[in-house]
Every structure is written in C-alpha cells, then in structure tokens.
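**Student:** Sequence order for the protein chains is A and B. With the first letter of the first sequence counted as 1, position 502 gets the number 502 in my numbering; the numbers rise by one all the way through. With the first letter of the second sequence counted as 1, position 58 gets the number 58 in my numbering; the numbers rise by one all the way through.
Take the hints with a grain of salt, since some may be wrong.
Capping the alpha-carbon separation at 27 Å, the derived lysine-lysine pairs in DSS-like fashion look like this [what the hints assert, rightly or not]: (1) A:316 <-> B:9; (2) A:272 <-> A:306; (3) B:32 <-> A:328; (4) A:436 <-> B:62; (5) B:62 <-> A:316.
These aren't lab readings, by the way, just hints derived from the structure by calculation.
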Amino acid sequence: MKEHIYETDLLIVGSGSAGLWAAYSAKQKNKDINVMIVDKGPENWGGLMACAGGDLDIVMPGEDIQDWVKDWVYYYDGLCDQELMETLFKDTYEILEQYQKWGCEYLTDENGRMDTVGVPQRGLEHIKLYVTKVKGSGGLRMAKALAKAIKEAGVESLGRTMLTDLLKDETGRVIGAIGFNTIDGSFVQIKAKAVLIATGMGGWKSSYMKNPSTGEGIAMAFRAGAEIRNMEFARVWNVPKLFGWEGQTTLLPLGARFVNARGENFMERYSKTLGSNTDPHYSTIGMALEMRAGRGPCYMDTSALKPEDAAVVKPKLGWQYINYNRLKDDCGIDFFEQKTEWMPQPLMSYGGLVADLKGATRVPGLYAAGRCRSIDPGVYTGGFALASTATSGKIAGESMVDYVQELPLVELNQAEVEQLKGKLYAPLNGTGVPAKEVLRCIQNIVYPYEVSIIKSDGALQNALHKMETLKAELLPQMGAPDAHYLMKLKEVEAIAFITEWYIKASLMRTESRCGHYREDYPDHDDNWLKWIVIGLEDGVAEAHTVDVPIETYKHPIERYYQDNFKFE
Amino acid sequence: MITKIDSEKCIGCGICARTCPLDTIRVNENGKAFIAYPEDCMTCYLCEMNCPNGAIYVHPFKELLPRSLPNCY
C-alpha cells in the first residue's frame, strides 16, 4: 500500500464555499502560512456551491444588522444564537463585493442598483436574498472564482482524498489527520497545526443533488471530542418527484404555489397569514398532511408567476439550463407551462458541530465552518448557505492564522496511526454487505413522514429500535471491493451516526419548534428554549441541554413564526 | 442520471472523470471514459457541461428513493 505524508500549517477539510473561503482568507491574512485543502471529490470543486443557484443573503449598506437578527429570533422561534447570527451576517456585503471583483454578477434594477431588487424571504420583514444576474450557473461561477483565487494565493490542494480520523497530541490538541485516496486506495497522513472541518451537513443521499454531504467530517470531529447540536432538525423539502430543480426559495415569493390534487393552494388552509410564501419546512408539513388526507398528489403550480418574474427565474445557463430544456424536449415536461408533481423528501440533517464565534470547537486546534457547524434550527431562507458558509469560513480561516502563530508541527504517533490504518482498511476485502444496501435500510427508517415530517413518539421509538439493530448487526458487516466503495462505506457509517442522533434528539424534544414538528406536542414549550447538545464524556456519547441565554441577548422573544400555522 | 458516454465521440481527455464529484466516471485502458459507478450519479450535469465533444448524455430523471408517504409515487 502506497503512503503519502504531508505537512502544513492549516489543514482544511472540504473544498466547498466554507473551506475555500477559509483558505483564501487565511492566505490574505498571512501569505507565508501554509494552507492545504483536502476534498474527497475533485480538487477545489466547490462542493454543493458548484450546484447552487448562487443567491446570497446580504445585509446591504444602510441596513441595520439588528433588524435581521430580530427577524431570525422570530423565524427560529427563539432558538437563535443571536451573537453568532450577528457575527456571521454583519459583513456579508464584503463577501458580495469580493464576488463582484471576481466577475460574478447579480441582478440589478435599470439604474444598476442591487438594493432595490432583493427578494424578501418567507414573509419576513428584513431578510432578503439577491439573485445572480443570469439564472443557472451562479454557484458554479462563484466556486470557480474562489478556486482560482486560492490557487493564485499558493494554497496546496488535494482532491479525491477522504480524511477519516483526527489525531491529537498528549495535551489533547489536534495535530493532524489520516485518510486515503479514493481512487487508488493509498494511505494519507497529514501533519497540521490546526484543522478546519468544512464538510457540510450530514445527509441521506437524497435524489436532489445533495449526495456528497454525508456527515463524516462531523462524525470525525465528534470522535475527537467536539460537540454537536440541533440534531433533531432536518431539511425535509418538497422536491419534484422525478427530477431536480433549484430555486423554490425564489419561485414561491414570486407567486408560484404548491397545490393539491384538487388544485387547491393548500398552504392557505394551514396559514392564513403567510399562505404559500413561507418556509419550505412548513410547506412540507402541509403537503404531507394533504397526502395523508388523500388529497394528493401535490404539484408545483407556476401559472401565477408574472411573465417578467418568470423571465428572471427561467434557467439560462449551466446545469439548470440543460435540465430545463431536456425536461421540455426529451420528457415532455415544461416547468413553466404545466404543473409538475412534487413530494416531500428528507434531504439532510441540520445538526452539526458546536463552535464559538471564531469557529473554534471545544477541542484545541479543531475548527468548524460552513454547514457542518450548526447555526440554524431547521428552517431556511434562500441564500442563507452561500452567505453564512462564506463568512464562517472567512472568520475561521483568519482565526486559525492567529491560533497557529507560535505552534510547532508535532509528529504523529505512528503506533496510533498504524492502529487507525488497520481499522480503516479492514472492510476492504471484497466481501461484506454493500454500503448502498445499508444506506437504503437507513433511508427506509428515516424517510417515513411520521419519522421525518410529522413526528410522534411511537414512530420515533420504532425508528430508533430499527436503527440500533442496524448499527449492531448490519453496520459491522459492510464490506468494500475497492477504494471507491470504501469511501461509500465510510459515508454510510457517518450517515448512520447522524441518523441515530437525529432520531434520539427528535424523541428528546417534546415540543414543536421551527423545523421540528411533533404531532403529539404540536406547540412550543417555554421549558424547551434550549439546545440539545451531544458530546463524548469519558468516551460515552451523552446528550444534555443548554439554555438559550436570552437574558444576555439583545432581543427578547416577542413572537413565534410557528404561530402563523395551524396544522390540523 | 448519466445514461450514456458515446465512445465514438469520446476523445479520452478524462475531464469528465476528473470533475465528477461522485467519482462515477473512470477512463478505461483504451483511453475512453465509461460509467464505472452509475448508482452514484446525482444528476448534476457537470460531466456533460465539461465534455468538449458532446459525448455525454445525462437524463433529467433521478433515482427513486423510499417514499415518505404511501402515495408519493
């Protein structure tokens, strides 16, 4: 087995928006620092940013960040890390300016002004997204711009390399990582002064282009001692039954709506105040109730879009353009001329690593940025990810430069490395249960609506029992015939970890709040104004709660977004 | 999901294999790209967009997964 040994000052795991921004910002702060960015996919490919529309939530000059934070307190039903939201969004305009310098273009009015064309989100007063000028390849352009910038800055990049374990010195500081090349299987060791996890959320490999995010970065950091939170919240969205489509967060505010088999705009039944223009997670509950009541299937109806708005959201470039035309030409489906069937689908967990305002976890030398650090409790405004991944990456990259200043590189303990290596390659024997089969079992456990959308104690207990059986019996039997499948196997191990805690935390939170809806506890409970935090204590995973320090925050909770809905 | 790589049109540049996020495509010993791990395709169209000779066809329909509700599909 070939081996590669690398050393660097900063090791960044994941080359999506957060990782690329961290690498870029670290080099901007100190050009002499060595930065290495590693991805299990292609080198510097951009992660899910490469498939994103490119919309950004931007606090424009003249706006008050506190107005945005107030929106979030309301939208998150109080479960809002107010200082973190302020920190992450106050400088979003700088991010926009940087993208513009790199040649990325955003929609403006006839006078070239952007601030007049923001798309308000979810019926909120202040939070708005700004759309890319030419619909279809905005995210890919941003990813390419960032990749070019970090190359020019001298960042070292390593693609097709999955890192699986972090190593610490005797003081408990993270000093490197090991993993393998997913093409030839060769072993990789990397010595580093600090490590950033920027690997995105843990997902269930849904059919909507979210397949690369499977949570192994979160699981790896958790094993090294970092805490996770918000595991009870999952992104469950309505998606087209047959194909992928990016952009419902722009379509719905502009007048598109979900309708049931009778053609009724059913969200008007569940929300007199917001109707269709709401968060996708609430639309999903509505759609699931419609289907359960026999009023399915449900559809996306774009007929109420004004022609000028339809012109803006009609894809003109990139994958969305090919997709739109191919659906029309080869499948007889014209997205803007007919209703298309949609259905709810669990995509990924909102749970992730706990980190401070600078991105540091409780483990020295270990940082988190982007979607793998938990920010939001299961509701989502369009443009949130591309903005918050950029700022959290930037902040973490800069903080790590300060952190490593006087630190030495430490030799990895080779006995420990050998032990981890043996464990890593053990399933690589050509026999055993294929990872895909186990993934399907996990999807079968988590996809049913009573586990993922309209949760209840009985269904969650049942799901947990199945998950524990799977973990004990099926997971250890997985095998991989080659390095590619070893990567898939490690992904499924992480998905199992994420799923177990998704179910456990869902059981624990005996109330409904934000994206977590319990049919047996349909209202919020003031005693639950707290986060569920999970960490390893003496090697055992334990969950505890942490109160939201509302008395120390700037904004009290005056109203609840969930009060806009009545699901009965 | 990727359904076809036309080996007549494939010029063996390997761009599709290098840029596929899911490592779905590899290049064989004859220098032609082929679909090595079809079940991993996430229908992102990156291969088709990157192919300099129009050799790749991605079908818009995706893999059907377990349903959340009985009448999902």
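**Student:** Please go over all the hints and tell whether each is borne out by the structure.
**Tutor:** Outcome of the hint check:
{"no.": "1", "hint": "A:316 <-> B:9", "in the structure": "26 Å, holds"}
{"no.": "2", "hint": "A:272 <-> A:306", "in the structure": "23 Å, holds"}
{"no.": "3", "hint": "B:32 <-> A:328", "in the structure": "30 Å, violated"}
{"no.": "4", "hint": "A:436 <-> B:62", "in the structure": "16 Å, holds"}
{"no.": "5", "hint": "B:62 <-> A:316", "in the structure": "21 Å, holds"}
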